[in-house]
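J.: With chain A held as given, fit chain B onto it using these hints.
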Amino acid sequence: MAHGPAKGITRWLYTTNHKDIGSMYLWFSFAMFFLGGIFALVIRAELFQPGLQIVEPNFFNQMTTMHGLIMVFGAVMPAFVGLANWMIPMMVGAPDMALPRMNNWSFWILPFAFLMLVSTLFMQGGAPNFGWTFYAPLSTTYAPPSVTFFIFAIHIMGASSIMGAINIIATILNMRAPGMTLMKMPLFVWTWLITAYLLIAVMPVLAGVVTMMLMDIHFGTSFFDAAGGGDPVLFQHVFWFFGHPEVYIMILPAFGIVSAIIPTFARKPLFGYSSMVYATASIAFLSFIVWAHHMFTVGMPIAGELFFMYATMLIAVPTGVKVFNWVATMFRGAMTFETPMLFAVAFVILFTIGGFSGLMLAIAPADFQYHDTYFVVAHFHYVLVPGAIFSITAAVYYWLPKWCGHMYNEAMGKAHFWLAFIGLNLTFFPMHFSGLAGMPRRIPDYHMMFADWNMLSSVGAFLFGGAQVLFLYIVVSTILKGKKATAEVWDNPEGLEWTVPSPAPYHTFSTPPEVK
Amino acid sequence: MIRLLPENPVAALSIKLGVGAVGMFVFALWIMPPLYNAFCEITGLNGKTGDRYEATSAEVDTSRTIKVQFVATNNEGMPWKFAPKVRTVEVHPGEQTRIDFEAFNPTDRKMIGQAIPSLVPFKASSYFHKTECFCFNQQHLAAGEGADLPMFFIVDRDLPQQIHTITLSYTLFDVTDRYGDGEDNVASVTQ
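From first to last, the protein sequence lines stand for chains A and B. Everything in the first sequence is counted per the numbering used here, starting at 36 for the first residue and increasing by one. Everything in the second sequence is counted per the numbering used here, starting at 35 for the first residue and increasing by one.
This is chain A alone, in the form it adopts within the complex (with noise of 0.2 Å):
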């Protein structure tokens, strides 16, 4: 049965093949990523120096709220899909999706999700301007009309989710080849299949918090009206009852890349595979059991400060494992650093950055100086950038060559790795310090004690958004062009994925192969 993909538009709009729809959502994620970060640079470009420069107060604040919205929904959760796309079939050993329509459906819901988003910024009243975490009233009685459309994008998104987090769990549990038993399933296929657990549980939380909005908005109730008898803190434990389950949505996929490429480059079998996985279980189990250390601030009795301060300082054993495997795996190792590595390299020691910035934001009396601040900016930046961001840009560099048949050109990937780094800690370094100092977030202008650590830090946005230009360059030559791959690309890399040949046929594994 040797049919290649169909021609012109249609392929990719009628497609069912998983190569093709995780191509689709990596390129979406892409665009979003850019979108994203432009809207990351305006904010940048204000702040460069105290005072109101470029843009007014109201549309500084859209551009922070759509930055988090579009990177968060946009660039980092499609792209983690586009990978389990590509990747989960050909690391099980399955010739497909499970459910290879709902598949093209779940990705072309999102662009049509997104255009409803961007389309709000040309509205009356302007795009949503209450921050990405969209606490209500802000969010209902004082928001601008386009809190609706905002409301609706939300509630495809989730269905986007969702159907993509049954697909990979559907997969994952009934397509794998014989002898591909549960643990000798590559650590991104593990990470993957609980993270889809997570997205089912919470991402109808999301869609639940936003139609209480919409009520509250449309309908006269008062979930979050106190003039009618709602609480606004309701909303805030709702939101991040779904919200800290999702930033591990975010970072759980990026752990399982990390695990497949640092072993490949220090040429060592990875550092107890078993506990890594029982580690991402732990985290993913004790993210439910933590969602209000967000909301120290908001007067819980001290019985509630203590309980979800020690939860989440819990979270730091499980996390302290993964990263001791990762070193384990290095030390000794032979290692080189070619691009894919230098990414992972960058992950493990700037992630555990932000995770020490985490147990510092952890401590509730603590909190109570940081919340709000500049300081909670630099933390989870610190992770989702190096953390979310660099393992994606890893796997692209590391699996690139499969999926195109072409090596990319080492030279250049190494310069955007160095650019990358040294933009992204000039960034986020110095708002720690403008943090502690007191900048509150989400503000346009700042007292001028933090004019210099602003300075630094808009110069540092630039150079990593310049950096993703090349990478963008690098991308696009590398498909176009460039030295041919082998099989195996790497140094005897672990993993099905590698056993056909480059660039991967349209069809793999129509007979499934044979694991031991």
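Keep in mind the hints are simulated off the structure, nothing from the lab. Errors might be hidden in some of the hints.
What the hints assert, rightly or not - Below, computed lysine to any residue pairings styled on SDA-like, alpha-carbon distance capped at 20 Å:
| id | chain 1 | residue 1 | chain 2 | residue 2 |
| --- | --- | --- | --- | --- |
| 1 | B | K157 | B | F73 |
| 2 | B | K157 | A | G339 |
| 3 | B | K157 | A | Y232 |
| 4 | B | K50 | A | Y232 |
| 5 | B | K164 | B | V120 |
| 6 | B | K157 | A | A338 |
| 7 | B | K157 | A | L341 |
Unchecked claim - Over 10 Å on every C-beta distance to chain B, these chain A residues come out as not near it, computed from the model:
| id | residue |
| --- | --- |
| 8 | L150 |
| 9 | I191 |
| 10 | A261 |
| 11 | T387 |
| 12 | V494 |
Where is the CB? At the ideal position from N, CA and C, for every residue including glycine.
T.: Showing chain B alone in chain A's frame:
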């Protein structure tokens, strides 16, 4: 036996996962908010005070004196003048006390207000009983009209020993737009 799930394992698993997702949506929308309210009511966490209280025994514990402070705040955009006539009273646990709040509508239109209470310390919420309160109903004031709004309360004799001061705050909301259809809606919520 009726098969609920299809035989195809992929379809069966997908249906189970889909039902799980719908279940979480139902949980978020219909179970979390009531659960939260019940939890807050039991623990007094958000400072909400209880419904109308029927005084049982009239024994007064004269050995203790509790200072009760009153705060009145207008929510954003509420133009009424709203203040307690007395800002602080000292009461004995078990004794019923009346406090009047003054409200005045300075605008030229009929308006409806709703007062929402909040009490600190939270631990005292379940020991502060209101036998009668204007906050149980909405307040209608015609243009230029003023009113004395009464509130009767009893501090429970079981109030924890370490509590000597209770602060009761009312925030007055303008609900004219929400309930301005002329009917005297009783807020369907716990005050």
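J.: Each hint should be assessed against the structure and marked as holding or not.
T.: Consistency of the hints with the structure:
1. B:K157 - B:F73: 13 Å, holds
2. B:K157 - A:G339: Judged against 20 Å, a Cα distance of about 14 Å means the pair holds.
3. B:K157 - A:Y232: 38 Å, violated
4. B:K50 - A:Y232: Holds: B:K50 and A:Y232 sit about 12 Å apart, inside 20 Å.
5. B:K164 - B:V120: 17 Å, holds
6. B:K157 - A:A338: 12 Å, holds
7. B:K157 - A:L341: 17 Å, holds
8. L150: 24 Å, holds
9. I191: A:I191 clear of chain B: closest Cβ-Cβ about 14 Å, beyond 10 Å.
10. A261: With a cut-off of 10 Å, A:A261 comes too close to chain B, as the shortest Cβ separation is near 5 Å.
11. T387: 32 Å, holds
12. V494: 40 Å, holds
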